[in-house]
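Protein chains in written order, with our numbering: chain A, 1 to 213; chain B, 1 to 213; chain C, 1 to 213; chain D, 1 to 213.
Keep in mind the hints are simulated off the structure, nothing from the lab.
The beta carbon of each residue, even a glycine, is placed where N, CA and C say it ideally should be.
Keep in mind that a hint or two might mislead.
Stated by the list, open to error - List of simulated lysine-lysine pairs, DSS-like, C-alpha gap at most 30 Å:
1) C/K154 / C/K208
2) A/K208 / C/K130
3) B/K208 / C/K154
4) D/K154 / A/K208
5) A/K208 / B/K154
6) B/K208 / D/K130
7) D/K208 / C/K154
Claimed, not checked - Okay, the calculated beta carbon distance ranges per label pair:
8) A/R79 / B/R212: 31 to 37 Å
9) D/P73 / A/L206: 36 to 42 Å
10) B/G119 / A/A118: 44 to 50 Å
11) B/D143 / C/S52: 34 to 40 Å
12) B/A23 / C/L163: 44 to 50 Å
13) C/D7 / B/V13: 53 to 59 Å
14) B/A140 / A/D143: 28 to 34 Å
15) A/L206 / D/A187: 30 to 36 Å
16) C/E124 / A/L28: 41 to 47 Å
17) B/C211 / D/R58: 50 to 56 Å
18) B/A23 / A/R122: 48 to 54 Å
19) A/R212 / C/R207: 39 to 45 Å
20) B/A23 / D/A187: 28 to 34 Å
Unchecked claim - A few chain C residues facing chain B, derived, Cβ under 7 Å:
21) Q78
22) Y115
23) A131
24) A141
So the chains spell out like this:
Protein chains: 4
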Amino acid sequence: MNALPYDAARLAVLAEEITTNVAELAALGWTPATSSNFSRRLDDGHVAITVSGADKGRMGREHIMVVDLQGTPVASDQRPSAETLLHTRLYQRLPQVGCVLHTHSPVQTIASRLYAGAGQVRLEGYELLKAFHGNSTHEAAVDVPVFANTQNMKVLAAQVDALLDQQPLWGYLIDGHGLYAWGRDMAQARRHLEAFEFLLHCELELRKLGCRT
Amino acid sequence: MNALPYDAARLAVLAEEITTNVAELAALGWTPATSSNFSRRLDDGHVAITVSGADKGRMGREHIMVVDLQGTPVASDQRPSAETLLHTRLYQRLPQVGCVLHTHSPVQTIASRLYAGAGQVRLEGYELLKAFHGNSTHEAAVDVPVFANTQNMKVLAAQVDALLDQQPLWGYLIDGHGLYAWGRDMAQARRHLEAFEFLLHCELELRKLGCRT
Amino acid sequence: MNALPYDAARLAVLAEEITTNVAELAALGWTPATSSNFSRRLDDGHVAITVSGADKGRMGREHIMVVDLQGTPVASDQRPSAETLLHTRLYQRLPQVGCVLHTHSPVQTIASRLYAGAGQVRLEGYELLKAFHGNSTHEAAVDVPVFANTQNMKVLAAQVDALLDQQPLWGYLIDGHGLYAWGRDMAQARRHLEAFEFLLHCELELRKLGCRT
Amino acid sequence: MNALPYDAARLAVLAEEITTNVAELAALGWTPATSSNFSRRLDDGHVAITVSGADKGRMGREHIMVVDLQGTPVASDQRPSAETLLHTRLYQRLPQVGCVLHTHSPVQTIASRLYAGAGQVRLEGYELLKAFHGNSTHEAAVDVPVFANTQNMKVLAAQVDALLDQQPLWGYLIDGHGLYAWGRDMAQARRHLEAFEFLLHCELELRKLGCRT
Chain A
1 MNALPYDAAR
11 LAVLAEEITT
21 NVAELAALGW
31 TPATSSNFSR
41 RLDDGHVAIT
51 VSGADKGRMG
61 REHIMVVDLQ
71 GTPVASDQRP
81 SAETLLHTRL
91 YQRLPQVGCV
101 LHTHSPVQTI
111 ASRLYAGAGQ
121 VRLEGYELLK
131 AFHGNSTHEA
141 AVDVPVFANT
151 QNMKVLAAQV
161 DALLDQQPLW
171 GYLIDGHGLY
181 AWGRDMAQAR
191 RHLEAFEFLL
201 HCELELRKLG
211 CRT
Chain B
1 MNALPYDAAR
11 LAVLAEEITT
21 NVAELAALGW
31 TPATSSNFSR
41 RLDDGHVAIT
51 VSGADKGRMG
61 REHIMVVDLQ
71 GTPVASDQRP
81 SAETLLHTRL
91 YQRLPQVGCV
101 LHTHSPVQTI
111 ASRLYAGAGQ
121 VRLEGYELLK
131 AFHGNSTHEA
141 AVDVPVFANT
151 QNMKVLAAQV
161 DALLDQQPLW
171 GYLIDGHGLY
181 AWGRDMAQAR
191 RHLEAFEFLL
201 HCELELRKLG
211 CRT
Chain C
1 MNALPYDAAR
11 LAVLAEEITT
21 NVAELAALGW
31 TPATSSNFSR
41 RLDDGHVAIT
51 VSGADKGRMG
61 REHIMVVDLQ
71 GTPVASDQRP
81 SAETLLHTRL
91 YQRLPQVGCV
101 LHTHSPVQTI
111 ASRLYAGAGQ
121 VRLEGYELLK
131 AFHGNSTHEA
141 AVDVPVFANT
151 QNMKVLAAQV
161 DALLDQQPLW
171 GYLIDGHGLY
181 AWGRDMAQAR
191 RHLEAFEFLL
201 HCELELRKLG
211 CRT
Chain D
1 MNALPYDAAR
11 LAVLAEEITT
21 NVAELAALGW
31 TPATSSNFSR
41 RLDDGHVAIT
51 VSGADKGRMG
61 REHIMVVDLQ
71 GTPVASDQRP
81 SAETLLHTRL
91 YQRLPQVGCV
101 LHTHSPVQTI
111 ASRLYAGAGQ
121 VRLEGYELLK
131 AFHGNSTHEA
141 AVDVPVFANT
151 QNMKVLAAQV
161 DALLDQQPLW
171 GYLIDGHGLY
181 AWGRDMAQAR
191 RHLEAFEFLL
201 HCELELRKLG
211 CRT
C-alpha cells in the first residue's frame with residue numbers, strides 16, 4: 001500500500017518525456033502492433049508507466065498512468081500493462097534505476113529465438129560495449145540473458161531477480177518476445193537500449209555472413 | 001442493387017481516415033508502384049474503397065469511392081480497384097469486419113513465394129501472436145494461408161470463402177502478390193497487418209540464419 | 001544544332017517536378033554520393049536534365065539545365081551529367097518517352113553485379129509486373145538486361161539501341177553501376193523505377209533464402 | 001601550444017554546419033548510443049570538434065568545442081572526444097583536409113569485423129569508386145585498411161601515419177568500431193563517407209548472396 005501522494009508536476013514532466021521518446025522508438029518500428037511498454041520512477045513509491053494496449057505511435061498524456069512499486073494502479077481506473085510487474089521489481093530491487101524500456105524490434109525478437117537454446121548472447125570485441133554504464137573498454141564481454149517466455153510475470157520476475165543476485169545487468173531478452181533495458185534516467189536507458197539493438201543486429205548479420213556458428 | 005443512400009458525413013470521416021493511414025503505409029514502402037488497395041465499411045450496404053491505380057503516397061479524398069456489397073460503383077463513374085470483390089466478399093460474409101487492408105510489402109511478397117508450395121505459413125512461439133483478436137497467449141499457433149495468384153477475383157474470393165467455413169481468419173497471402181488483413185475497425189486491421197508483417201519478417205530472417213528448413 | 005527556343009514556363013514546371021521527385025529518391029538512399037541523374041523532355045528538341053555532380057538531396061532550380069537531343073548544353077555554361085547521352089538517345093529513339101530516371105540504389109547495384117555474367121535478370125510470377133505499361137497479368141515475364149559498365153557513353157548507348165530494335169523495354173541495369181528506367185511522364189517513370197527496385201529486391205532476398213540458384 | 005586566437009565567426013558557421021550534418025547522420029542510425037565524433041578545420045592551428053558523449057541526434061552549438069592541433073582544449077573546460085587525436089593528426093599531416101567524420105553504422109562495424117583478419121577490404125568494379133576524389137573511372141580499385149581496435153589513440157594514429165606514407169587514403173576502418181572518412185570540406189567528406197558506406201554494404205550483401213568468399 002502506498003498512502004503518500006506523488007508530485008503531479010514531476011509526473012507531467014515524466015509523462016511528456018515518455019511520450020516523446022516512445023514516439024521516436026515507434027517510428028523506428030520497435031513497438032509493432034500496440035506491443036511494448038515504458039516506465040519512469042516518479043519517487044520512492046511510485047512509477048509512471050504506459051497503459052495496456054495503446055498504439056505506441058499515437059501516445060498522449062492519457063496513456064501514462066501511475067502505479068505503486070507492487071504494480072497497483074494509484075488514483076486511476078486504467079489498466080496498466082500486463083508486464084508492469086517486470087518494471088516495478090526492477091525499481092524495487094535497484095534504487096539507482098530510474099527508467100525501464102521494453103521494446104519488440106525485429107532484431108530483438110529474432111535474436112531471442114536464435115539464442116533461446118543457449119540461454120544467452122555473448123557480445124564481445126565491440127567498441128560500443130563502452131556504451132554500457134561501467135564499461136570503459138571494448139575488451140569487456142557482455143552476456144545478455146535470454147529467458148523462456150511465459151504469461152506468468154511472477155515467474156519471469158523471479159528469474160530476473162535470481163540473475164541480479166549474481167551479476168550486474170542492464171538488460172535481458174525474453175524468447176519470441178523482446179528486450180528489457182534500463183538505466184539511471186531516460187538518456188542512459190535509451191543509450192543501453194540502442195547499444196543492445198546495435199550489437200544484436202551485428203551478431204545476426206555476422207552469422208548470416210558465416211562468421212558465427 | 002442498393003437503392004438506399006449512404007451517410008455522406010460518415011463517408012467524409014472514413015475517407016479522411018483511409019487517406020491518412022494509407023499515407024503512413026506508403027511511407028513504409030508497403031504500396032509500391034501504385035499497387036495495394038484499402039476499404040472501410042460505410043454501412044450494411046456500402047463500402048468506401050480506394051480507386052484503381054492511384055499512387056498511394058499521394059492520395060486525397062478524390063481517390064476514395066463508394067461501392068455496394070457486390071462491388072458495383074455507387075454514384076460514381078470512377079473505376080474501383082480490380083480486387084474490389086475480395087474486399088466486398090469479406091464485408092458480406094463477416095458482419096463484424098469494418099476495415100480491409102491489402103498491401104504489397106517486400107516481406108509479404110517474398111514470404112508468399114517462399115511458402116506458396118506449402119500453401120501456408122505457420123507462426124508460433126511469438127508474444128506478438130497476442131496481437132490477433134481472440135488470442136491471449138504466445139502458446140497459440142496461427143496458420144496464414146497462401147493462395148495461388150490469379151487475375152480472376154471470383155476464383156480467389158471463393159477460395160477465401162471456403163477457408164472461412166473451416167476456421168477464423170484475420171488475413172491471407174496471395175503468391176507473388178501480397179497480404180490481405182482485416183479487423184473490426186482501422187485500428188484493429190492495422191494491428192493485424194503490422195503483426196503479420198512483423199512475424200513474417202521474423203520467419204524469413206530466422207530462415208536466413210539457418211533456423212528454419 | 002537546335003535554333004528554336006524552348007518554353008521557359010514549361011521548363012520551370014519540369015524543373016520543380018524534377019527537384020521534388022529527386023529529393024524523394026535521395027531520401028530513399030537511391031542517389032548516394034552525388035551519383036544518379038534525371039531528365040524530362042521539354043519539347044521535340046530539348047531536354048531538362050540534372051547538372052553533373054550535385055548532391056541529389058540538396059537540389060534546387062539551379063541544378064537543372066537544358067540540352068538538345070544531341071546532349072549539347074543550350075543557353076548554359078553548366079556541365080551536364082557525363083551520362084547525358086544515355087538520356088538523349090532514349091528521347092530521340094522513343095517519341096512517347098517523356099522522363100528518364102537513373103538511380104544507384106544498393107539493390108540495383110548488387111543485382112547488376114550478381115547478374116552481370118548472365119546478362120539479364122528474369123522477373124516472373126509477380127503481381128507487380130502489371131506495373132509495367134502494357135502488361136496486364138502476373139503471368140508475363142520481364143527480362144531486365146545488364147550491360148557491362150564503361151566510361152564510353154557511345155558504346156553503352158549503341159548497346160541500348162540494338163536491344164530496342166528487338167524488344168520493348170522500360171529499363172536496364174549497368175554492371176556495378178545502377179538502373180535506368182523511363183516512362184511517358186514522371187509518374188509512369190517512377191512507377192517503373194519502383195517496380196524494378198521492388199522486384200529486384202525480392203529476387204535477391206529469395207536467393208538468400210535458398211529459392212534461386 | 002597555440003597562442004593565436006581563432007575566428008569566432010568562422011567557428012559559428014562551422015558549428016552550425018557540423019550540427020546540421022551530424023543530425024542527418026544520426027537519423028540514418030550511423031551514430032548509435034552517443035558514439036561517433038566529427039570535426040572541421042578552423043584554421044592552421046585550430047579544429048572545431050564534437051564533445052565527448054553527446055547524443056548525436058540532439059546536438060546543439062554547446063556540443064562543439066575548439067582544440068589545437070595537439071588535441072588540447074582551447075578556451076574551454078569541456079572534454080573533447082577520446083578519439084580527438086585521430087582527428088588532429090590528420091589535420092597536421094594533410095593540409096588539404098578540412099573535415100573528418102567518424103561514424104559507427106552497422107555496415108561499417110560488421111565489415112570491420114569480417115575483414116579484420118585480412119587487414120583490408122578491396123572495393124573494385126563499382127561506378128561509385130568515382131566518388132573518391134582523384135578517381136575518374138570504375139576500373140580503379142580502392143583498398144580500405146582495417147586496423148585492430150585499441151583504447152590507445154597514439155598507437156592507432158601512428159598506424160594511420162605509417163599507411164599515409166605509402167598511399168593516398170580517404171578513410172579507414174577500426175575493427176569492431178567504425179569508419180573514419182575525410183575530405184577537403186564537409187561536402188567532400190560526406191561524399192566519401194556515403195561512398196564507403198554504400199560500397200561496404202554492397203560487398204556484405206554480395207557475400208551473403210554467395211558471390212564473395
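30 Å limit on alpha-carbon distance, applied to hinted pair B/K208 and C/K154: violated, 42 Å
Given the hinted pair D/K154 and A/K208, is their Cα-Cα distance within 30 Å? violated, 35 Å
Quick check on a hinted range of 44 to 50 Å for B/A23 and C/L163, using CB atoms only. violated, 38 Å
A/K208 paired with B/K154 [C-alpha distance capped at 30 Å]: violated, 42 Å
Quick one: are B/G119 and A/A118 within 44 to 50 Å, going by C-beta? violated, 33 Å
How does the Cβ-Cβ distance of B/A140 and A/D143 compare with 28 to 34 Å: does it lie in that range? holds, 31 Å
Regarding the hint that C/Y115 lies at the interface with chain B, is the smallest CB-CB distance below 7 Å? violated, 18 Å
30 Å Cα cutoff - pair D/K208, C/K154: violated, 35 Å
Consistency of beta-carbon spacing, D/R58 to B/C211, with hint 50 to 56 Å: Violated, at about 37 Å.
Could one say that the CB atoms of A/R79 and B/R212 fall in the range 31 to 37 Å? holds, 36 Å
Honestly, do B/A23 and D/A187 meet the 28 to 34 Å range at C-beta? holds, 32 Å
Whether the CB-CB distance between A/R212 and C/R207 falls inside 39 to 45 Å: At 21 Å between Cβs, range violated.
Checked against the numbered hints listed earlier, the structure breaks hints 1, 2, 3, 4, 5, 6, 7, 10, 11, 12, 13, 16, 17, 18, 19, 21, 22, 24; every other hint is satisfied.
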